[in-house]
Amino acid sequence: MTPASIPWAALAVLIPLAGAIWVRFVRDPELGRKQSLIVCGATFVCSLCAWFFLENPADPEHAVWTITTSTPFSADALSAPLLALGSLLYLLVVMATLGVKLRLISFSSVLISEALLLATFSSTQPWILVALLAASVVPPWHELWMQRRPLRVYTVHMVLFIGLLVAGQAMLSMADRSDGHNPAIGVGLLLAALLLRSGIFPLHCWMTDLFEHATFGTALLFITPMVGAYGALRLVLPIASDVMLHSALVLSLGTALYASGMALVQRDARRFFCYLFLSHSSLVFVGLEMATRIGVTGALCAWLSVGLSMAGFGLTLRAIETRTGRLSLDKFHGLFAHTPRLGALFLITGLASIGFPGTIGFIGAELLVEGAMQAGPLIGIALVITAALNGLAVLHAYFRVFTGTHHVSSIDLGSRPPEVIAVLVLSALIIGGGLYPQPGVASRYIIATELVAERRHGLPAVPQERVADTAVPNADDADQP
Amino acid sequence: MNVDALFNVLGVCTILAPVFLFSLMGVTMLVNWPLSERTTARWTQATVFVGLLSALIVLALMLFTGRRNVSLEGGNFVVIAPEHFHFHLDFMFDRLSVPFAILSFVLVGTIGAFANHYLHREPGFRRFFLLYAMFLVGMIVASLAGTIETLFIGWELVGLSSALLVAFFQERPSPVLNGQRVWSVYRIADAAFLIAAVVLHHLHGEGDFDGMVGAGAWPDAECALSSTDALIVGLLLLVAAAGKSALIPFSGWLPRAMEGPTPSSAVFYGALSVHLGCFLLLRVSPLLSASIWLSAAVVALGLSSAVFAALAARVQTDVKSALAFASLVQVGLITAEIGFGLRYIALIHIIGHACMRTLQLVRAPTLLQDYRTLENAIGARLPTDRPFLDGWLSDAWRLKLYRLSLERGFLDSLMDRFFVRPFVRAFRWFDTIEGKWTDLLAGAQSRESDRMPTATQPFEELL
Chain A
1 MTPASIPWAA LAVLIPLAGA IWVRFVRDPE LGRKQSLIVC GATFVCSLCA WFFLENPADP
61 EHAVWTITTS TPFSADALSA PLLALGSLLY LLVVMATLGV KLRLISFSSV LISEALLLAT
121 FSSTQPWILV ALLAASVVPP WHELWMQRRP LRVYTVHMVL FIGLLVAGQA MLSMADRSDG
181 HNPAIGVGLL LAALLLRSGI FPLHCWMTDL FEHATFGTAL LFITPMVGAY GALRLVLPIA
241 SDVMLHSALV LSLGTALYAS GMALVQRDAR RFFCYLFLSH SSLVFVGLEM ATRIGVTGAL
301 CAWLSVGLSM AGFGLTLRAI ETRTGRLSLD KFHGLFAHTP RLGALFLITG LASIGFPGTI
361 GFIGAELLVE GAMQAGPLIG IALVITAALN GLAVLHAYFR VFTGTHHVSS IDLGSRPPEV
421 IAVLVLSALI IGGGLYPQPG VASRYIIATE LVAERRHGLP AVPQERVADT AVPNADDADQ
481 P
Chain B
482 MNVDALFNVL GVCTILAPVF LFSLMGVTML VNWPLSERTT ARWTQATVFV GLLSALIVLA
542 LMLFTGRRNV SLEGGNFVVI APEHFHFHLD FMFDRLSVPF AILSFVLVGT IGAFANHYLH
602 REPGFRRFFL LYAMFLVGMI VASLAGTIET LFIGWELVGL SSALLVAFFQ ERPSPVLNGQ
662 RVWSVYRIAD AAFLIAAVVL HHLHGEGDFD GMVGAGAWPD AECALSSTDA LIVGLLLLVA
722 AAGKSALIPF SGWLPRAMEG PTPSSAVFYG ALSVHLGCFL LLRVSPLLSA SIWLSAAVVA
782 LGLSSAVFAA LAARVQTDVK SALAFASLVQ VGLITAEIGF GLRYIALIHI IGHACMRTLQ
842 LVRAPTLLQD YRTLENAIGA RLPTDRPFLD GWLSDAWRLK LYRLSLERGF LDSLMDRFFV
902 RPFVRAFRWF DTIEGKWTDL LAGAQSRESD RMPTATQPFE ELL
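Heads up: the sequence lines are chains A and B, in that order. Each residue of the first sequence is one higher than the one before, counting from 1 in this note's numbering. Each residue of the second sequence is one higher than the one before, counting from 482 in this note's numbering.
Worth flagging that the hints you see were computed from the coordinates, not collected in a lab. The beta carbon of each residue, even a glycine, is placed where N, CA and C say it ideally should be. There may be inaccurate statements among the hints.
Claimed, not checked - Selected chain A positions facing chain B (in silico; Cβ < 8 angstroms):
| hint | residue |
| --- | --- |
| 1 | 24 |
| 2 | 34 |
| 3 | 186 |
Said to hold, decoys possible - Simulated coverage check for chain A against chain B, where a stretch passes if three residues somewhere in it have a Cβ under 8 angstroms from a Cβ of chain B:
| hint | stretch |
| --- | --- |
| 4 | 77-91 |
| 5 | 203-214 |
| 6 | 285-298 |
| 7 | 345-358 |
| 8 | 391-404 |
Claimed, not checked - From chain A, some residues computed to sit far from chain B (all C-beta separations above 12 angstroms):
| hint | residue |
| --- | --- |
| 9 | 138 |
| 10 | 150 |
| 11 | 258 |
| 12 | 384 |
Take the sequences, apply the hints, and build the full model.
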């Protein structure tokens, strides 16, 4: 057996699952954290291997870069970076969990949700995907229930989500699709379910409620990987009608604008983070719903950059909360003198999320604007205004948390070694990805091409090699659908 | 080595020297490996010297060889060939960019040497030089930009470093609030800039400089757009320039920016950053030639800003604010010159004004000492001016003008009243509605964060 033939993606799913069972019986929270860290580390390595061997297979002659895979729990071109992103997020969250939070977190539950997330990202079969998407809502619900936190808002929305998802997929499965047409109601129900899961207006209140009542880490891990977008890409985008996608685009764009405005007026740091994330994730949806090659490429790039940068941003806020309790943005806190590294990470991740030059988010934002220009100038203008408002919100929060007063503390609030590692790793990824974006863009473009072709013809496109090797197509091929 | 290769090497040195300085400062801060003040000063001097020398040699070579336009291809940062999407990082050395880059190096280098003493043992010494390096990168990239995307990168770096420098003394709320105000205005300018690019793309099919100003060496290039298209795109760019150069109605940020340390006020807001809007207008000046209405708007905005600033400057009670408005008078005049088509005069005016204003601002902290020295030298009090418009206006009108000037034209309060407050009020209302909706779903008050003790006290007091 060669390293390339090992099912790395399946291992990435199984390791946290086995780890969850093991950690479940560990009574010492600190020991549980250490063992979870090892499990998350091993999972991350497996995810990286799955990505590496997908790009460097054992038999390069037959190497293809495609999003079509029929094997359950295996990585393809779309999911390989997402597996790495998801496992990295879990690793960093577990790593940056300080002692005072240990008794609030169930590491067993964290590892189960990691296994569910990675299983979702490595699945393409509709019913398996539906089942995993439905199952993934349970760990946060379980945490709320165990800690006797209010869970009605979350429960109502998630029951609706699962109902819509299952009903939509059932209608699609039962419908006669021999004539090539898909039942509009089924597709519409699926789309509605996934928009709900992604917090698109007006069904977004569960997200702020989750941040209000769950632990920050759990809420962060539940929303930042954007599994709703993954579900939309796999289940809806190839078959949804133009009208449906345009309607969803308008909703997503409205959500992005609305959430950016809401982020600016929030008084609680968690709610601020939630709206800021919602604005960014809605922009990813806007790109996907353009259904053009450039738009989808921009959305896929922004997906990775937003996932990484907003997770880092959330981790920073969580680290500060660990030191100070719930943060109000009504007042200045002046924490920079105590935690300059966290201040730097807050700025770097926040700026990356808004697509600041030199960061990983820059090229994704550029491609989204480029795609919007093709789709219509009003969409482009709305995107620009959203980005401007988000930029204001990020610096507003930075000033409130890190500056404005002299913070007096009799205990050391400085960064702990695990936090320093998390800061440096995230900074390196954010800046490195910003300075050398071409490989990421090229691979995302091939996926976008396949998705758009699949949407146009109802069949997967011919697998392509790297985009840098592709010739410029003729004018007809270059036209957008 | 042939001339082209020499141009390339020198061009790369001009750009990479400040980039290296910024990287050095950033990495050492992030890994917590502090550079000493002396080391910081030496690296700053060395990199600014290399960049300045390279730019000077480029200028000399251009004069010697008679070349008016030298391009430095940075290559495709990102390319998606099938979509004809190319993100170029191209730089352009011409009669506009080279003087502006040299001016940036000279003034930033001078201020670096000044700040090294002025901020000696200041707790934020390294933070200042990190932001200083970021500003220098932004100015050089914006000055030498050969594409809109490259210009935008520099434009953004200048904006962020400026806002953070205004908030440099960050343990007081006032500088921070002023930094936030500067950032807000800059974001409006950035948005206008990007929307101009979007509209240009929609009208013309591409968003490059070539599409906007046509091919050819500055300032003789001819605009490829029709008069109406030039007016629409030009007005958006005028908003962007007005935000960056503190023209009406965005003038309020300039005196606020003086809250930062004197070295940064001097070089950034008094000299370089405030001229960046004028630079943008100069760069796209062929657009102005294509539309008489656009030129008229530029002239009107420039002159009205100059008149307003002249009035406001006379009633300021601190020297840095007075100098800020004095700067704005000149910036308004420069803008008007650009509108009148006097491009070379505007460029010379920028260079002269920036140098003089830098000198004035770095002398500002010792103004009283300078006054005493002068009075001791002449053996009498310095003569005072006659009251402004004495005999021309009635007392009632003079009082009104005085109030208007003292309140800085009510520009900030008008923007707050008509834009900021309605915006905040609307979204707070949405927030309340959402709260009620989640309360209804939850069957109880759902927002515990509204009732929780928030963190203003140290951690142990919360336990």
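Hints, one by one, checked against the model:
1. 24: With Cβ-Cβ at 29 angstroms, over 8 angstroms, it is violated.
2. 34: violated (24 angstroms)
3. 186: Violated, because the Cβ-Cβ distance from residue 186(A) to chain B comes to roughly 27 angstroms (cut-off 8 angstroms).
4. 77-91: violated (count 0)
5. 203-214: Result for this restraint: holds, n = 5.
6. 285-298: holds (count 3)
7. 345-358: That given contact holds, which follows from 4 residues of the stretch 345-358 of chain A lying within Cβ reach (below 8 angstroms) of chain B.
8. 391-404: holds (count 8)
9. 138: holds (20 angstroms)
10. 150: violated (5 angstroms)
11. 258: Non-interface label fails for residue 258(A): nearest chain B Cβ at 7 angstroms, not farther than 12 angstroms.
12. 384: violated (4 angstroms)
Checked against the numbered hints above, the structure violates hints 1, 2, 3, 4, 10, 11, 12; every other hint is satisfied.
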